[in-house]
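Engineer: Residues per chain, in single letters:
There are 2 protein chains.
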Amino acid sequence: MSQDISKTDSASNFPAFVHKRKGGAEYHRTCRLDPNNPQSVLHVVGTSLKANLNRSAPPGSKFFSVKCTANVKFELSPPPVESSRGALVPLSGNSVILITMSHASQYEKDDKLSVRYYQSGSTRSVLGTAVLHLTAIEISLDVDADRDGIVEINNPHKESWTWGPNGHGAILLVNCDAEKIHDKSPDNEDPRIVKVADLKDMSLMVLRTRGPAELPEGYKLTMHISQGDAESVRVFRAASREVAKNSLHKLFSSFVKDYPLVLSSEVLSQEVPYLGGSAEMNFYVEGLRFPDKDFDGLITINLSLLQPVKQGIPETPIFTDKVVFRVSPWIMTPNTLQPVEVFVCSTSDNYQFLKGMKALVSRCGYKLKVCLEYMNRGDRWMQDELEFGYIDSPHHSFPVVLDSPRDGHLDDFPYDELLGPDFGYVTRVARRKDVSSLDSFGNLEVSPPVTVNGKKYPLGRILIGVAFPTATKGRNMTKVVQDFLWAQKVQEPVALFSDWLCVGHIDEFMTFVPAPDRKGFRLLLASPDAAYKLFRGLHNDGHGQAKMFDGIAGVKNEEEVTVDDILGDENLRDENNYVQSCIDWNRDVLKRELGLDDDDIIDLPILFKLEEEEDGSRAVAYYPDMVNMIVLGKDLGIPKPFGPKVNGRCALETEMCSLMEGLGLRCTFIDDFASYHKLLGEVHCGSNVRRKPFDFKWWNLEL
Amino acid sequence: MSQDISKTDSASNFPAFVHKRKGGAEYHRTCRLDPNNPQSVLHVVGTSLKANLNRSAPPGSKFFSVKCTANVKFELSPPPVESSRGALVPLSGNSVILITMSHASQYEKDDKLSVRYYQSGSTRSVLGTAVLHLTAIEISLDVDADRDGIVEINNPHKESWTWGPNGHGAILLVNCDAEKIHDKSPDNEDPRIVKVADLKDMSLMVLRTRGPAELPEGYKLTMHISQGDAESVRVFRAASREVAKNSLHKLFSSFVKDYPLVLSSEVLSQEVPYLGGSAEMNFYVEGLRFPDKDFDGLITINLSLLQPVKQGIPETPIFTDKVVFRVSPWIMTPNTLQPVEVFVCSTSDNYQFLKGMKALVSRCGYKLKVCLEYMNRGDRWMQDELEFGYIDSPHHSFPVVLDSPRDGHLDDFPYDELLGPDFGYVTRVARRKDVSSLDSFGNLEVSPPVTVNGKKYPLGRILIGVAFPTATKGRNMTKVVQDFLWAQKVQEPVALFSDWLCVGHIDEFMTFVPAPDRKGFRLLLASPDAAYKLFRGLHNDGHGQAKMFDGIAGVKNEEEVTVDDILGDENLRDENNYVQSCIDWNRDVLKRELGLDDDDIIDLPILFKLEEEEDGSRAVAYYPDMVNMIVLGKDLGIPKPFGPKVNGRCALETEMCSLMEGLGLRCTFIDDFASYHKLLGEVHCGSNVRRKPFDFKWWNLEL
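Just so you know, the protein sequences line up as chains A and B, in that order.
Numbering-wise, the UniProt record's numbering puts 677 at position 677 of the first sequence, and it's gapless, one number per residue.
Numbering-wise, the UniProt record's numbering puts 145 at position 145 of the second sequence, and it's gapless, one number per residue.
Rather than coming from a laboratory, the hints here were simulated on the basis of the structure.
A portion of the hints provided could be inaccurate.
Straight-line Cα separation of at most 27 Å, DSSO-like style, residue types lysine-lysine; simulated pairs [as the list claims (entries may be wrong)]:
(1) Lys310/B with Lys455/B
(2) Lys473/A with Lys310/B
(3) Lys293/A with Lys609/B
(4) Lys456/A with Lys367/A
(5) Lys547/A with Lys634/A
(6) Lys609/B with Lys310/A
(7) Lys479/A with Lys293/A
(8) Lys220/B with Lys489/A
(9) Lys591/A with Lys455/B
(10) Lys369/B with Lys220/B
(11) Lys609/B with Lys322/A
(12) Lys456/B with Lys519/B
(13) Lys62/A with Lys533/B
(14) Lys184/B with Lys455/A
(15) Lys591/B with Lys369/B
(16) Lys367/A with Lys692/A
(17) Lys473/A with Lys322/B
(18) Lys257/A with Lys310/B
Covered stretches of chain B (in silico footprint by chain A; criterion: 3 or more residues with CB under 8 Å from a CB of chain A, positions within the stretch not fixed) [as the list claims (entries may be wrong)]:
(19) 45-59
(20) 113-125
(21) 135-142
(22) 173-180
(23) 651-659
Where a beta carbon is used, it is the ideal one built from N, C-alpha and C, also for glycine.
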């Protein structure tokens with residue numbers, strides 16, 4: 001997508017800019033009429049000048065008359081009685097003249113209006129004449145307020161921002177990718193434009209002006225932002241009128257010169273050149289930070305015309321044009337979106353797993369990216385260190401990785417390997433002592449689009465796991481990350497209860513898979529009850545002696561357990577009753593907050609067991625936790641459960657396939673037993689998927 | 001107003017609490033049916049229990065039947081075909097039972113529901129029976145969500161907060177007054193209730209419960225708030241069921257014991273007693289801070305019923321009731337509201353001024369409070385150190401002084417003299433270097449109610465003065481105060497330009513007076529043009545030699561100036577042209593932002609002159625600045641201008657009276673020349689007025 005769409009061929013053909021305020025009030029400026037001194041006035045087309053005729057009338061004035069040149073129009077209030085043409089108008093206490101001009105002046109003081117005051121109704125009784133020498137210019141600071149990727153001319157709604165398909169207001173990206181390859185850092189940390197490619201991450205803003213070759217002496221144009229907004233935005237300018245578009249090989253210094261920094265946290269107000277004649281000047285607006293607890297995402301940029309007063313006195317802004325941007329939120333992608341790339345780690349001991357993943361991903365036709373050991377330093381939990389999302393605007397979109405404050409050995413991967421051209425990076429820094437296992441992003445998921453009691457969430461809802469809000473102690477997702485997630489607004493988060501799990505991630509008991517019917521997906525929940533039901537059925541069918549964990553490669557010592565052993569273990573049953581009640585608690589919340597029915601949920605036969613910890617007992621999966629799967633379109637990569645075999649086939653796999661095949665989904669079971677399951681994670685924990693963005697545009701949300 | 005209105009005589013007569021969620025969805029809880037173990041379930045009336053009949057059915061089950069006691073109702077899904085009464089129901093994969101109970105149980109396990117599973121359609125083929133022993137309780141956490149001053153029972157909207165006359169949601173006051181007289185500090189800084197009078201500053205919240213004498217073993221009630229809300233709220237509890245209402249002379253320690261602190265920033269979650277039977281327990285909710293940049297004013301308080309699990313595992317919340325409060329904003333009072341008290345300072349040199357003020361205020365029938373020199377330490381600028389406002393709720397309202405970060409010698413006055421029982425105090429602390437003359441509250445005013453392009457501001461709009469937004473340097477109102485003012489939301493501020501004035505306060509060029517017609521007020525603006533017009537008229541009428549500053553008591557050396565001297569001073573004319581352009585700039589903004597016409601504005605004949613300063617020239621009043629007046633109903637206390645006399649009467653006073661008398665206003669001219677005007681202030685700067693609150697309630701705003 002090009003940022004140069006605003007370059008209309010004939011800038012001189014656009015209509016005069018009319019500046020209407022919200023609600024339709026026009027932009028009036030009070031001006032003074034002085035019978036003793038002719039005034040020079042610079043007028044902005046689309047506004048009006050308003051003068052009280054009585055205020056500076058010579059004493060004794062009873063009548064007045066007005067003359068003006070063709071480009072000038074005026075109205076009188078109270079309106080004169082139309083008795084005879086050319087008759088003098090009686091002067092009243094509140095006689096007001098409203099002056100407008102229809103187009104820009106070619107030369108300074110091209111136009112003129114004069115008011116003559118009289119002592120009586122006779123044209124001979126002149127007491128004085130107030131003369132205005134008028135120069136008209138047209139000014140419009142323009143953005144893509146209608147969100148079609150094109151910077152239109154003087155959109156009447158450019159000063160405000162509203163949500164929805166009928167909404168308006170321009171959009172800004174946080175320039176959090178890195179165009180530079182050497183000495184890499186996110187572009188929003190560099191107050192310079194060093195590559196032309198960086199321009200496309202910014203929003204184009206065009207200053208359109210028409211008027212004489214130069215502004216009258218002392219007048220100037222100034223662009224300005226508030227102190228609050230300056231933390232969140234930078235504005236650059238295209239230095240020359242015609243920036244060479246394909247000058248990819250320009251020298252670094254030349255680039256910096258071609259795109260001087262206009263506004264930043266250091267400079268809140270700066271003069272911008274007036275080019276004269278019919279001109280367009282391009283500005284590039286760069287978002288610096290994401291919405292957060294203290295930033296609602298809205299930014300206003302102002303352009304003012306300043307009138308000189310005198311030495312030592314600040315110039316007066318006589319006209320201000322404003323545009324409003326909203327920074328794109330960071331958006332997560334649910335399992336129902338099409339995958340682009342799959343990420344896994346290679347470690348010294350995960351050959352079996354990698355082989356399974358490679359086979360699955362290549363069969364599905366997606367890219368597999370393997371993070372090698374020098375980078376992952378043995379940390380295999382690709383799900384936990386980062387979350388893929390994206391930012392979007394009408395002119396550009398790119399993926400952005402949210403780096404978790406978990407900061408395991410994979411810590412450098414998002415910054416060093418993912419951040420790059422058109423791949424953004426954002427993180428939130430927490431104090432070490434505030435970070436827990438619940439800050440891993442296996443504990444951060446997003447639902448497919450849902451509608452809840454009539455309220456639409458076309459981008460789904462973010463799901464995180466925390467301790468019970470009633471708990472007086474317990475682990476939580478750290479506040480800075482929670483604040484960030486809530487502030488994005490477009491995928492309103494839901495807090496689930498995950499502190500009952502040893503690792504504490506919601507992906508240990510739930511996931512979403514696509515479905516051809518109903519809401520377009522199913523929620524899969526781990527269910528000890530479903531597992532016990534399955535095992536009881538096996539027992540009744542005469543398979544009570546079938547063994548679990550049979551034939552696990554490389555794990556010879558694993559204790560083999562029969563179906564009857566499991567059914568007879570009362571302690572295990574107790575523990576799973578508790579686990580089921582925890583999952584049921586989440587089930588109730590998910591049903592309420594995602595608007596789900598029981599038929600939207602599938603219970604998977606999974607057992608847990610409790611492990612004693614310092615501050616109580618918490619749950620881990622008893623056998624590989626099938627819900628912790630990778631979802632790639634219609635293909636599911638599921639932890640191989642090593643369940644009891646019936647007629648040579650694992651009964652858990654049979655059940656899983658039977659539950660999924662009705663939805664048209666293919667199950668591939670991946671052996672993660674030794675290298676993941678035994679370390680308290682599974683396939684999902686050990687992988688990550690970058691997906692295509694939603695077709696739905698976030699600004700079309702009705703918030 | 002009493003906080004005890006919730007004490008209904010017969011708590012047992014209220015209907016059962018139905019808990020509906022926003023949008024009408026009911027509160028379902030998943031429960032488990034276990035044919036092997038009878039379950040005991042504590043049920044909350046108004047919610048429903050939902051159990052999947054198939055999930056724990058004995059293998060081979062094909063049919064089921066349900067039996068229950070009279071207080072239990074159930075629905076089956078899919079609904080059974082009504083073929084013959086007593087026939088068994090076929091069990092399908094998704095057979096679900098929805099259980100409700102109509103009223104609280106008198107004893108534990110009063111009720112029962114059982115599901116029997118069968119292998120065939122014959123009642124003889126029983127495979128197992130799942131039994132639920134049911135105990136029902138009713139719980140409702142109640143607030144005054146309909147804003148009538150009474151805590152109603154289980155308002156269906158109590159969980160959310162909306163603006164407007166049809167809006168809902170409870171209201172909280174920042175408990176910023178000081179009930180204690182000794183060792184005084186605002187009550188919100190003390191985590192104890194030490195006087196019964198303090199209760200009325202808090203919002204009553206009632207926990208209503210009905211059920212057996214005790215909760216089943218291990219169950220408990222817990223009240224909890226989020227970490228974010230805990231900075232803004234405290235919750236106390238009335239310790240005994242019947243708090244003696246008039247026990248004014250209780251011992252301190254007894255009070256603290258009677259109202260134990262339940263929730264605070266130290267304790268986010270705490271168990272509260274279950275009283276048994278039909279009971280009400282009173283809680284008192286205390287707001288701790290005003291809305292600000294990082295606090296939207298909304299607070300949620302939760303009450304959960306916890307189910308025991310087992311040792312070392314946190315109890316599961318099985319039901320949560322929520323209430324939402326919004327903290328009252330701080331509201332300013334415009335000149336059109338009725339005065340209550342007038343404040344001035346007594347200094348060694350202001351006898352003349354004090355005499356004039358005393359005469360005016362006593363004639364008008366208001367109270368005059370004089371701040372004596374030991375307290376003001378020579379600082380006479382009563383307007384600048386503080387701003388009076390108020391906070392309001394359906395149950396209580398009191399004035400709150402906003403203490404300016406100006407911190408002159410009057411600094412201690414707001415805290416030491418104003419803060420007290422039912423008189424609140426709030427301030428914002430800025431770094432010394434960030435504070436300028438623009439932080440004095442002569443630079444903080446509020447308009448009367450206005451409507452702007454259809455948008456209503458029934459509480460008016462706050463007005464402050466700043467530098468031009470385009471200025472690269474200049475003085476400003478400090479950010480912490482601006483953030484505070486904007487965050488109150490109900491009187492959306494307008495920034496005017498006041499940095500052109502030496503002192504830099506908007507009250508140097510504008511004020512509002514009541515009017516019987518049009519919008520109910522007029523905006524008065526200082527106008528050099530109006531002054532020159534008056535002086536030119538005097539000259540034309542032969543009074544060119546009339547002297548200004550004639551007969552000023554105690555100021556012998558003041559240079560006398562004639563009307564013609566003024567008209568002949570071209571430099572003064574230039575300076576006033578500049579001043580007029582600054583005021584006109586503000587006039588245009590005020591017209592736009594307050595929706596005013598020219599006819600709503602009156603120009604007062606006032607001249608200024610420029611003083612050279614380090615960083616440029618700034619304006620001061622040339623003669624006493626009549627717009628800087630005190631407005632007391634229909635009486636105006638106006639700085640005596642000492643203008644040229646015509647027929648023995650000051651022409652400026654004559655003009656002023658003539659402009660005001662059409663509005664039915666009386667002008668009293670007060671000599672402030674030596675003790676205020678010469679120090680660059682006038683009557684308004686040297687006084688302050690506490691006014692009655694608006695009749696309009698802020699929560700009825702449609703925001």
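Engineer: None of the hints should be skipped; say for each whether it holds.
Structural biologist: Checked hints:
1. Lys310/B with Lys455/B: 58 Å, violated
2. Lys473/A with Lys310/B: At roughly 16 Å apart (the allowed maximum being 27 Å), Lys310/B and Lys473/A satisfy the hint.
3. Lys293/A with Lys609/B: 47 Å, violated
4. Lys456/A with Lys367/A: 33 Å, violated
5. Lys547/A with Lys634/A: Given pair Lys547/A, Lys634/A is violated - Cα atoms ~31 Å apart, limit 27 Å.
6. Lys609/B with Lys310/A: Between Lys609/B and Lys310/A the Cα gap is close to 15 Å, so the pair holds against 27 Å.
7. Lys479/A with Lys293/A: The given pair, whose Cα atoms are some 10 Å apart, holds under the 27 Å limit.
8. Lys220/B with Lys489/A: 35 Å, violated
9. Lys591/A with Lys455/B: 40 Å, violated
10. Lys369/B with Lys220/B: 55 Å, violated
11. Lys609/B with Lys322/A: 34 Å, violated
12. Lys456/B with Lys519/B: 12 Å, holds
13. Lys62/A with Lys533/B: Measuring from Cα to Cα gives roughly 14 Å; hence the hint holds.
14. Lys184/B with Lys455/A: 50 Å, violated
15. Lys591/B with Lys369/B: 35 Å, violated
16. Lys367/A with Lys692/A: 13 Å, holds
17. Lys473/A with Lys322/B: Given that 27 Å is the threshold and the Cα spacing comes to 21 Å, the pair holds.
18. Lys257/A with Lys310/B: Measuring from Cα to Cα gives roughly 69 Å; hence the hint is violated.
19. 45-59: Contact hint for the region 45-59 of chain B vs chain A: holds, 7 residues under 8 Å.
20. 113-125: Check failed, 0 qualifying residues.
21. 135-142: Contact hint for the region 135-142 of chain B vs chain A: violated, 0 residues under 8 Å.
22. 173-180: Per the Cβ count (0), the hint is violated.
23. 651-659: violated (count 0)
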